[in-house]
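With the sequences and hints as input, model every part of the structure.
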Amino acid sequence: MGGTKLACVVIIFVMVVGALLGEAEITCKQVTQTLKPCISYLKGGSMNSACCPAIKSLNAAAKTTSDHKAACNCLKSAAKSIVGLHYDLAEGLPAKCHVSIAYKIALSTDCNK
Numbered sequence: 001m002g003g004t005k006l007a008c009v010v011i012i013f014v015m016v017v018g019a020l021l022g023e024a025e026i027t028c029k030q031v032t033q034t035l036k037p038c039i040s041y042l043k044g045g046s047m048n049s050a051c052c053p054a055i056k057s058l059n060a061a062a063k064t065t066s067d068h069k070a071a072c073n074c075l076k077s078a079a080k081s082i083v084g085l086h087y088d089l090a091e092g093l094p095a096k097c098h099v100s101i102a103y104k105i106a107l108s109t110d111c112n113k
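Take the sequence shown: its position 101, counting from 1, is numbered 101 in the numbering used here, and each next residue is one higher.
Treat the hints as calculated values from the structure; they're not laboratory data. Honestly, I wouldn't trust all of these hints.
Claimed, not checked - Below are the BS3-like pairs computed for lysine-lysine, each with C-alpha atoms no more than 27 Å apart in a straight line: (1) 36 with 63; (2) 29 with 63; (3) 29 with 96; (4) 29 with 113; (5) 96 with 69; (6) 29 with 56; (7) 69 with 113; (8) 113 with 36; (9) 96 with 56; (10) 96 with 36; (11) 113 with 63; (12) 56 with 113; (13) 69 with 29; (14) 43 with 56; (15) 29 with 43; (16) 69 with 36; (17) 43 with 69; (18) 56 with 36.
As the list claims (entries may be wrong) - Derived DEER-like restraints, expressed as beta-carbon distance ranges: (19) 44 with 112: 28 to 34 Å; (20) 29 with 56: 14 to 20 Å; (21) 112 with 49: 32 to 38 Å; (22) 49 with 113: 15 to 21 Å.
Fair warning: this is a prediction, and the values are worked out from it, not measured in the lab. We treat Cβ as the ideally placed atom computed from N, Cα and C, and that holds for glycine.
Structure follows, in structure tokens:
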């Protein structure tokens, strides 16, 4: 069950992060700090007014494939400690925040692709 929660969180943010070529400039600290406003919502709480701007900000900050991979791997590590995530909320978060993503949100998402 914990692995499924981890995968769900990773998938959300992998979808939000754009994939272009280049070197990683985004840091794990930047990713986790930026997305903190969304955690309560993903656990079934109310939507924090800072969540969608955070999603959009991270999407804009992650400009390269390396950024994409770094954010994904960071979230894999961070998500291990998050309990109580609602998968339906996670899957719908990009659309709720009006963020266009190029990938299907799925548990099978691979950070290295």
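Verification of the supplied hints:
1. Restraint check for residue 36 and residue 63: satisfied, since their Cα atoms lie roughly 20 Å apart, inside the 27 Å limit.
2. The straight-line distance between the Cα atoms of residue 29 and residue 63 is roughly 17 Å, inside the 27 Å bound, and the hint therefore holds.
3. Among the hinted pairs, residue 29 with residue 96 is consistent with the structure: their alpha-carbon atoms are about 24 Å apart, no more than 27 Å.
4. In summary, the hint linking residue 29 to residue 113 is supported, as the alpha carbons are separated by about 22 Å, within the 27 Å threshold.
5. Between the alpha carbons of residue 96 and residue 69 the distance comes to roughly 23 Å, so the proposed pair stays at or under 27 Å and holds.
6. For the hint pairing residue 29 with residue 56, the CA-to-CA distance comes to about 17 Å; that is within 27 Å, so the pair holds.
7. A threshold of 27 Å between alpha carbons decides the hint, and for residue 69 with residue 113 the separation of about 8 Å falls inside it, so the pair holds.
8. Between residue 113 and residue 36, the direct Cα distance comes to roughly 25 Å. Compliance with the 27 Å bound is thereby established for this hinted pair.
9. Annotation: proposed proximity of residue 96 to residue 56 holds, straight-line Cα distance about 11 Å (limit 27 Å).
10. For the hint pairing residue 96 with residue 36, the CA-to-CA distance comes to about 17 Å; that is within 27 Å, so the pair holds.
11. For the proposed pair residue 113 and residue 63, the alpha carbon gap of about 15 Å is at most 27 Å, so the pair holds.
12. For the given pair, residue 56 sits about 22 Å from residue 113 by alpha-carbon distance, which is consistent with the 27 Å threshold.
13. Between the alpha carbons of residue 69 and residue 29 the distance comes to roughly 14 Å, so the proposed pair stays at or under 27 Å and holds.
14. The suggested pairing of residue 43 with residue 56 holds, with an alpha-carbon distance near 20 Å, which does not exceed 27 Å.
15. Among the hinted pairs, residue 29 with residue 43 is consistent with the structure: their alpha-carbon atoms are about 21 Å apart, no more than 27 Å.
16. Annotation: proposed proximity of residue 69 to residue 36 holds, straight-line Cα distance about 19 Å (limit 27 Å).
17. Using a Cα cut-off of 27 Å, the hinted pair residue 43 and residue 69 holds, with the two alpha carbons roughly 24 Å apart.
18. Note on residue 56 and residue 36: the hinted pairing holds, with a Cα-Cα distance of about 13 Å set against a maximum of 27 Å.
19. Separation of residue 44 from residue 112 is about 31 Å and conforms to the stated range, judged on CB atoms against 28 to 34 Å.
20. Here the CB-CB span from residue 29 to residue 56 is close to 19 Å, well matched to the stated 14 to 20 Å.
21. Checked against the given bound of 32 to 38 Å, the beta carbons of residue 112 and residue 49, roughly 34 Å apart, stay inside it.
22. Look at residue 49 against residue 113: about 33 Å separates their beta carbons, and that is not inside 15 to 21 Å.
Comparing the model with each numbered hint stated earlier shows that hint 22 is the single one that does not hold.
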